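Between the sequences and the hints, there should be enough to build the whole structure, so can you do that?
Going down the list, the protein sequences come from chains A and B.
Under this note's numbering, the residue at position 67 of the first sequence is numbered 67, and the numbers go up by one with no gaps.
Counting the second sequence from 1 gives a position; this note's numbering is that position plus 1000.
These are computed hints drawn from the structure, not numbers from a lab.
Some hints could be false.
When the alpha-carbon atoms are kept at most 16 Å apart in a straight line, the in silico EDC-like pairs for lysine to aspartate or glutamate are as follows [claimed, not checked]:
| hint | chain 1 | residue 1 | chain 2 | residue 2 |
| --- | --- | --- | --- | --- |
| 1 | B | 1083 | B | 1105 |
| 2 | A | 25 | B | 1105 |
| 3 | B | 1191 | B | 1169 |
| 4 | A | 29 | B | 1144 |
| 5 | B | 1193 | B | 1217 |
| 6 | A | 25 | B | 1144 |
| 7 | B | 1080 | A | 254 |
| 8 | B | 1191 | B | 1105 |
| 9 | B | 1054 | B | 1217 |
| 10 | B | 1080 | A | 7 |
| 11 | B | 1054 | B | 1175 |
| 12 | B | 1193 | B | 1169 |
| 13 | B | 1053 | B | 1169 |
| 14 | B | 1191 | B | 1138 |
| 15 | B | 1054 | B | 1167 |
| 16 | A | 8 | B | 1144 |
| 17 | A | 29 | B | 1217 |
| 18 | B | 1054 | B | 1144 |
| 19 | B | 1193 | B | 1167 |
| 20 | B | 1214 | B | 1194 |
| 21 | B | 1080 | B | 1138 |
Keep in mind that this is a model prediction, so the values were computed, not measured.
Now for the letters of each chain:
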Amino acid sequence: MATHFNEKTRHYFELIRELTSREIKARYKQSILGYAWVILNPLFQMLVMAFVFSKIVRFPTVGTPYTVFLYAGLLPWTLFANSLTGATNSLVQSANLLKKVYFPREIFVISTIISKIVDFLLASTVFVIFLLFYHQQISFNILWLFPIFAIQQLFTYGLSLFLAALNLFYRDIQYVLTLILTVGMYLTPVIYPTEIFPSQYRWIFQLNPMAVIINAYRQVILNGNMPNLISLSIALFVSGIITLLGYRLFRKLEGVFADVV
Amino acid sequence: MSSNNPVIKIDNLSKLFFKQEQKTFKEFLPALFTGKKTKEWFWALQNINLEIKKGESVGIMGPNGSGKSTLLKLIAGVTKPTKGAVTVNGRIAPLIELGAGFHPELSGRENVFLNGVILGMSRSEVEAKFKEIVDFAELWEFIDVPVKHYSSGMFLRLAFSVAIHTDPEVLLIDEILAVGDAAFQKKCFTKLKDLLTKDVTLIIVSHDQQLLHKMTERIVQFKNGTCG
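Structure follows, in structure tokens:
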């Protein structure tokens, strides 16, 4: 019985690995620069935004160069947005497989998210170069990156389960998502610091896990401080609940995925 | 050759489907107010009882929409029965239709690994059988070419070859052998016969009566979701 279980688990991970590498390999196969786009895209996006928001509209950034400040928020936001978009479409895109072979469906969602994390790590190399270039001081608090990143992934995974399952029933989900993400970027302190709002209103950001997460990244990377643990705990709690509910909904609908797609 | 314990046992199986007519909110919302029905239910399968023994080969025939493919889906486990139960003892390999599971941008080699793992093999198993798979498909020359440049025949050869090399205990074949040239078809039949002697169970869905008579021991007729 135990070996059977082990074999199942091993196959589970091998499937994730194969589907993730399919995603990664296939993406830029027919482009000249290939995978370099993963780095170039956010870089150019950052440069354009940095120009607009530091030369035209000026945001105060509390002592850090705006490019670094922006990149620290834009990279995790891009990861979040790309993961959600990719995961939402993941089941619909694999409709053919869905209808023919059975394996746990969340594997499609998980492998899409992992492939976006790989993109994110590659894109982050440029950020590290920026940090070195500006002689950014790094403290031990940088280790907080790992739990913060884990909370971001939990939040992403939970939402993805919801969206991917519902998108099979109504394709509107994917279009609504694009819209929400566009608005969401401005509701989240990606291009601006929360400090531009009077302190009595800043608590509102605590309700948005992505705002908490991005603030926490900046806190530990740019200021070398501890993140705000209370906000982070709330974000963890909210993410946990969403993942739990998302998983239950996903499991409940899984049986009819192949019928509705 | 065939022992007595059934590999597949289908018990009083029924499957209810709904024809979903509104696929978007834009259609769905007005339908809420006008009271137009958004769903219409129908039985794709009704009270099916079927037992298939190990090493048996069974053909499934019937007109379009008679529930043949739904039955395969239920056996493969991708959809759940509304009533009744399907019990399967053993590894199933569906011979998936052209393209499913293959990524057009990836090479034949990459797709063999991808598809092998999707069908339940481990990476090392695929590695061990890789030569056999490509030999059978006769595709050494094109194995590193993206499969989007393959002809449909080449595609089929590779897909078929991967599926039969997964060591399935049950092989599900849905109307697929029609593609591919005569020589390859013959090769497939020989291979399938060979698998049958190794106690592999074969379920073939087809319209081709001749093919089914040649390949299977018994044929189950489907009509409007019931079998006779």
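How the hints compare with the structure:
1. 1083(B) <-> 1105(B): Violated, at about 41 Å.
2. 25(A) <-> 1105(B): Holds, because 8 Å separates the two Cα atoms, which is no more than 16 Å.
3. 1191(B) <-> 1169(B): holds (14 Å)
4. 29(A) <-> 1144(B): This hinted pair holds, its Cα atoms lying about 13 Å apart.
5. 1193(B) <-> 1217(B): Roughly 12 Å between the alpha carbons, so the hint for residue 1193(B) and residue 1217(B) holds.
6. 25(A) <-> 1144(B): holds (14 Å)
7. 1080(B) <-> 254(A): holds (9 Å)
8. 1191(B) <-> 1105(B): violated (29 Å)
9. 1054(B) <-> 1217(B): Satisfied, since the Cα-Cα distance of roughly 12 Å is no more than 16 Å.
10. 1080(B) <-> 7(A): violated (24 Å)
11. 1054(B) <-> 1175(B): The hint is violated at about 22 Å.
12. 1193(B) <-> 1169(B): Roughly 14 Å separates the two Cα atoms, so the pair holds.
13. 1053(B) <-> 1169(B): holds (11 Å)
14. 1191(B) <-> 1138(B): holds (14 Å)
15. 1054(B) <-> 1167(B): Given that 16 Å is the threshold and the Cα spacing comes to 14 Å, the pair holds.
16. 8(A) <-> 1144(B): violated (30 Å)
17. 29(A) <-> 1217(B): violated (47 Å)
18. 1054(B) <-> 1144(B): The given pair, whose Cα atoms are some 38 Å apart, is violated under the 16 Å limit.
19. 1193(B) <-> 1167(B): Within the cut-off at roughly 14 Å; holds.
20. 1214(B) <-> 1194(B): Roughly 14 Å between the alpha carbons, so the hint for residue 1214(B) and residue 1194(B) holds.
21. 1080(B) <-> 1138(B): violated (38 Å)
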